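Asks: Here are the chains, one letter per residue:
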Amino acid sequence: MMQIINSWKFDLKSALHAIICLVLIFALPIMPVVASQPAYSSSKRPLTSFMKEFQNVSAEDLTMEKFAHKLYNNSGFTTGETGKPAEAGKKFYEAYKDKFEKLYKESGKILAELPKTFPPEKLKSGKLANGIDFRFSRSIVRCFQLVALYHFEQKDFQRAVKTLLLSNWFAHSIARGGGEPPSLIDLMISIAIRKIAVSELLWSSLARGEFSPKWLAYAEKSMAELETSQPAFSESLEWELTKTLSFTKKEMKKSNSELKTNKLTKNLSREKQTEIINKSFDIMNENHKRVLNFCTVYRLDPAELEKEMNHITRSLVDRGKFRITKILSPAKAVAQILEAMTMPNFSRAYDQYLQVRYLEKGTILLIRFLTRRKKGEPLPETLADFEAVAQARIPRDLYASDKSQCLYSVNKKWMTIYSIGRNRVDNKGDQEDDFILFKVPVKFINQL
Amino acid sequence: MKKNCINFILIFLLSASIFSHKALAIDGVSVLNEETIVAGYLDWGYLYKNFIDSLKNINKPEHAGTKSFLDHFYKRATSGASAKTDDQPFENCAKSGMILVGAIEMYDMDHKDRLKHLDLETLKKEGYIRNIPVCPSNGVYSYDYDQYKIICSKHGDVRNPTPHDDDVSPGSLITAKTPAEAILELHSRSIFYPQGKIWFSINNYMQPRLILEGSFKPVELIETIKSLIPGFPEAEILQKNLVRFSIPKTFFAVEKLIVEIVPGAIKIGSDFSADIYNKGWQELISSAQSKKMKLAIEFSIDKLLLHAKKITQKERLDTCLGNIRILQAACGMFGNSTGKVMKNLDQDKLIAGKCLRFPVICPDQGNYSISGNINQSGVVKCSVHGTNSKPELGSVNIPASDLPDPRLKYLANIRLLLSKTDLAVKFKITDSNARNELRSKLEKPGKDAIDTSGIKSLLPEPLQGIANVEKDAQVIEKGEWIELFYDRLGLDFLISSLTGVK
Numbered sequence: 001m002m003q004i005i006n007s008w009k010f011d012l013k014s015a016l017h018a019i020i021c022l023v024l025i026f027a028l029p030i031m032p033v034v035a036s037q038p039a040y041s042s043s044k045r046p047l048t049s050f051m052k053e054f055q056n057v058s059a060e061d062l063t064m065e066k067f068a069h070k071l072y073n074n075s076g077f078t079t080g081e082t083g084k085p086a087e088a089g090k091k092f093y094e095a096y097k098d099k100f101e102k103l104y105k106e107s108g109k110i111l112a113e114l115p116k117t118f119p120p121e122k123l124k125s126g127k128l129a130n131g132i133d134f135r136f137s138r139s140i141v142r143c144f145q146l147v148a149l150y151h152f153e154q155k156d157f158q159r160a161v162k163t164l165l166l167s168n169w170f171a172h173s174i175a176r177g178g179g180e181p182p183s184l185i186d187l188m189i190s191i192a193i194r195k196i197a198v199s200e201l202l203w204s205s206l207a208r209g210e211f212s213p214k215w216l217a218y219a220e221k222s223m224a225e226l227e228t229s230q231p232a233f234s235e236s237l238e239w240e241l242t243k244t245l246s247f248t249k250k251e252m253k254k255s256n257s258e259l260k261t262n263k264l265t266k267n268l269s270r271e272k273q274t275e276i277i278n279k280s281f282d283i284m285n286e287n288h289k290r291v292l293n294f295c296t297v298y299r300l301d302p303a304e305l306e307k308e309m310n311h312i313t314r315s316l317v318d319r320g321k322f323r324i325t326k327i328l329s330p331a332k333a334v335a336q337i338l339e340a341m342t343m344p345n346f347s348r349a350y351d352q353y354l355q356v357r358y359l360e361k362g363t364i365l366l367i368r369f370l371t372r373r374k375k376g377e378p379l380p381e382t383l384a385d386f387e388a389v390a391q392a393r394i395p396r397d398l399y400a401s402d403k404s405q406c407l408y409s410v411n412k413k414w415m416t417i418y419s420i421g422r423n424r425v426d427n428k429g430d431q432e433d434d435f436i437l438f439k440v441p442v443k444f445i446n447q448l
Numbered sequence: 001m002k003k004n005c006i007n008f009i010l011i012f013l014l015s016a017s018i019f020s021h022k023a024l025a026i027d028g029v030s031v032l033n034e035e036t037i038v039a040g041y042l043d044w045g046y047l048y049k050n051f052i053d054s055l056k057n058i059n060k061p062e063h064a065g066t067k068s069f070l071d072h073f074y075k076r077a078t079s080g081a082s083a084k085t086d087d088q089p090f091e092n093c094a095k096s097g098m099i100l101v102g103a104i105e106m107y108d109m110d111h112k113d114r115l116k117h118l119d120l121e122t123l124k125k126e127g128y129i130r131n132i133p134v135c136p137s138n139g140v141y142s143y144d145y146d147q148y149k150i151i152c153s154k155h156g157d158v159r160n161p162t163p164h165d166d167d168v169s170p171g172s173l174i175t176a177k178t179p180a181e182a183i184l185e186l187h188s189r190s191i192f193y194p195q196g197k198i199w200f201s202i203n204n205y206m207q208p209r210l211i212l213e214g215s216f217k218p219v220e221l222i223e224t225i226k227s228l229i230p231g232f233p234e235a236e237i238l239q240k241n242l243v244r245f246s247i248p249k250t251f252f253a254v255e256k257l258i259v260e261i262v263p264g265a266i267k268i269g270s271d272f273s274a275d276i277y278n279k280g281w282q283e284l285i286s287s288a289q290s291k292k293m294k295l296a297i298e299f300s301i302d303k304l305l306l307h308a309k310k311i312t313q314k315e316r317l318d319t320c321l322g323n324i325r326i327l328q329a330a331c332g333m334f335g336n337s338t339g340k341v342m343k344n345l346d347q348d349k350l351i352a353g354k355c356l357r358f359p360v361i362c363p364d365q366g367n368y369s370i371s372g373n374i375n376q377s378g379v380v381k382c383s384v385h386g387t388n389s390k391p392e393l394g395s396v397n398i399p400a401s402d403l404p405d406p407r408l409k410y411l412a413n414i415r416l417l418l419s420k421t422d423l424a425v426k427f428k429i430t431d432s433n434a435r436n437e438l439r440s441k442l443e444k445p446g447k448d449a450i451d452t453s454g455i456k457s458l459l460p461e462p463l464q465g466i467a468n469v470e471k472d473a474q475v476i477e478k479g480e481w482i483e484l485f486y487d488r489l490g491l492d493f494l495i496s497s498l499t500g501v502k
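For the protein sequence lines, the chains are A and B, in the order given.
At position 329 of the first sequence the residue is numbered 329 (the numbering used here), and the sequence of numbers has no breaks.
At position 419 of the second sequence the residue is numbered 419 (the numbering used here), and the sequence of numbers has no breaks.
Hints were generated in silico from the structure; no laboratory data involved.
Heads up, some of the hints might be wrong.
To be verified - Quick look at which bits of chain A chain B covers, simulated, 3 or more residues with Cβ under 8 Å: (1) 171-183; (2) 299-309; (3) 316-323.
As the structure is a computational prediction, the values presented were derived from the model and not from experiment.
Backbone N, C-alpha and C fix where the C-beta goes; we use that ideal spot for every residue, glycine too.
Please model the entire structure based on the sequences and the hints provided.
Replies: This is the structure we're talking about:
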C-alpha cells in the first residue's frame, strides 16, 4: 500500500514538475517575443531607405513617441526645460545607440543623395503594391525628434540637426515612392513627417549650433536639393489618379467585377461590356487631365484652386446621382459614378503641401541668414534688411490677395517669417493659424 | 383565390406608397410635370373592393393566404415601431426616457440656468433631441427637477422602470381584434375609402409622385392607426391635410415622412388640364376614363431624350467654361513668366512653358481664341460656348451611335395598358423605316425575331416565361403606333402567375 502511495506521490510530483516545465517551455519563448515584437507591421511593404535599419524597433520602445506630443502646441519649448521628452529621447537613443551612431557616420552620404523614385512602367501596370507602414513611419520620426531633443539638451547640436535632417530626408523618400509609385496618402504622410522634422527644434539647433560656414553650406545644399527636386503637387496627383484608374480598369475587366455582376449589364455581350468600360475610362481620363490642368495653372493661387476643386467635387456628386437618362449613355454613367467615388477633393491637401514647402524654404533662408550674419550684428529690422543679410529673396505669399512677399517679424522673443496661411488673416506668426517659414527664438540668435 | 392575390397587391401598394420612399409626394395638384418620364395609374378602387370582400370572408380556406400576409405585415409594422423587437414596452420607454435625461444634462451644461420643466419643444428647437421620444404605452413623461429624474406616468422612473398593465408586447399585439376585423371596422367608419385610381409618376431623378383618389378623414385615420398599432410612429398634423410621421430609422430605413392626404375623390380632367407639359400624356389620361382599364404605364422616351440633351448641354457648357478658365490662367502665367503677351492662343507654347499640362479641347468641337490683351482685360472665348461672362449653350445633338441602340432615336413612347382580360404593349415609332423593321421582326418569328431575353430577365421569375412574342401576340399597326396585343394576359391572369395561385 505504502508503495502504491509513494509511487502515486512520485507520479504527482512528476506531473507537477512536467506541468511547470511545459509552462516554462511554452512561456519563455513567448515572453521575449511579446516584449520585443517589432513595431513595423510585417504585412506592410518593407522600407527601402536608411530607416529600414530601424524596422526592428520594438513596439514597446516606439510607445515613447507619446512624449513628442507634449512638444506640440508648446511654442518656445526649446527655450525652457525639456524635461520628460528629452529623457525619453535619451532612453530611445541609448536603446539604439549603435544604429544611430552608424547613421550619423553615414549621414553625409545619405543627405548628399536624392531619395529613390520608381520606374515609370510601374505606374500603368494596374498593380497596387502593398503600402508602407504609415503609423510606424510617423511614430519613428517622433522618436527621432525626441532623440534630437536629447542631443539639443546635451548641446550636441550637430547630432540634433543631423537627426532632424535625416527625418526630413526620410519623409521625402516616402513622397517619391521608394521604388513604387506613391499615392496621395504617401504624400500626406510625408508632409506630416516633415512638419515634425522641420520645426522649432531644428531652427533652434541651427541657431545655437555655432556651425562652421562650410557645414551650414552643406546643410543648406542638402535641404535645397530635396526641396527643389521634390515632385510638384500635380505630379503626385497625376500618379494617384493614374494608379487608381489603372487599378480600377483592371478590376472592372475581371469576370466577377461589379459591372459584370450588375443585373442590368450581365446580359450585355462581352464586347459591349468592354466597350462601355473603355469608353468610361476615356471619359475619366479626360476629366483627370482637366483636374491636373487646374492644378497646374492655379499652383500659385491656392484660393482659385480651392474654388475650382469645390466646384468639381459638387458637380461630381451631382453627376454621380442616378437618373433615368443615364441608361442612354452607360459609359458616361459608369465614369461619373466611379469618379464620384475615386476623385478626392485635394484642395486641403494642396494647402498642406504649400505649408510644408514654406517650412523648407524658410529653413533654407534661416541657414543662409545664419551663414552670412556677422557676429554681434543687430537683428534685421525689416524684411529688406533680412534679405540683405541672407542674400536671398523671401518668397511670395500665395495666400495674400496681392501675392506680396511673406511677412517678417522680429520682437524680443521671436524672429519669424510667415505666410498668412489658408485663413488669409495675419495672425502675427501664430504657429497654428499662419504658415510659418521659420520661427526662431531671438535669444539663440543673439548668442551668436 | 384570385381575390387573395389582388389583396396581396393592394397591401403591397398601400405599404409601399406610404413607407417606401423618402421623397414620396402626394401633392394633390398634379402627378405630371415637366420632369416626368414615366407615368400611369392603377385602379385601386377595384382592388380595394375585392380586398374588403375577401376580408369579410377571411376565415374561409381560400383566403388563408390573405390572412397570413396581413398578420405578417401587421407584426412587422408593430415590431418595427419598437427600437428592438426583443425589448418589452417598459424597456423601450426607459430608452426613450434616457434620451430626455441626456438631453437635459446637455442643456444644463450649455445654459446658465438649469431646465426647470420638461420643455420638449425647447429641447427639440435647440437641437438636444431630434424627435420627441414617446412611451410605447402612451405614458406621459415629466421631470423631477430636484432629483434629476424623468418619470413616465405609466412606467415610473425611467432609470428603474416597471411594467404596466397597458403594455402590449410587440409581436403579440393582436389581442382584441384581428387585423382583418380592424380594417373592416376602419372601412365601416368610412375614414379610409379608396375609390378610383392611384396615379403615379417618376421623374428623371427617380422621385415618385402619387395621387390617391378616395375618401379620407386624416385625423380619424391617424387616431385609428395609433389605436390599432401601439407604438406606431407619432404623427402630427402640420396643416389641414399634411401629416408628418416621426419614424425611427429602423422602420423601413426612413427617418421622417410627410404624407399629404387628399380628402375626397379627384375627378380626372380637372387636375389634368391642358397644361403644356401634360400634352404628351393626354392619351394616357383619356384611357383612364374607361372602366375596363385597370393599370396603365407610359414611358416617354422622347422626354427622356430631351432631358438627356439638356443635361448633356449643361455638362458640356460647364466643362468648356472650366477649360476657358484654365486657358485664361495659363495665359496669365505665361505672361508673368515670360513678360510677353500671348496674342494668338498657342496651347503647345503654354505646355512647353509649363503653364499648362495637357491640351484642352471643347466638348462641342468649338475653337478657343483670345480676345483683347490677355495680360490685361482680355479673355479667352470659345466659338460655341462664348466666354465665362457671356456663356452660351451649345446645340447638342446626341448621335444615334451614342445610344445603347441607335433605333432608340425613333422610339417616342412605350405604353402598357392592362385590363382585367387583356394586355396591350404599344410602341410609338416616328420613323417609318424603323417602324416597318420592327413590325416585320415582330411578325416573322424565328432567328430574326427580337431577342427579348434581356428584358424578360428583369421581370419577376414567374412572369419570365409567360409571354411569347411570336406566338401569343397579335401585331397591330395604327399610325405611328405598333401594338402587341395579348388577349389572355389580363390582370387576373398576371396576378395568378405572380403568386402561383390558379
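Asks: Against which earlier hints does the structure fall short, listed by number upward?
Replies: 1
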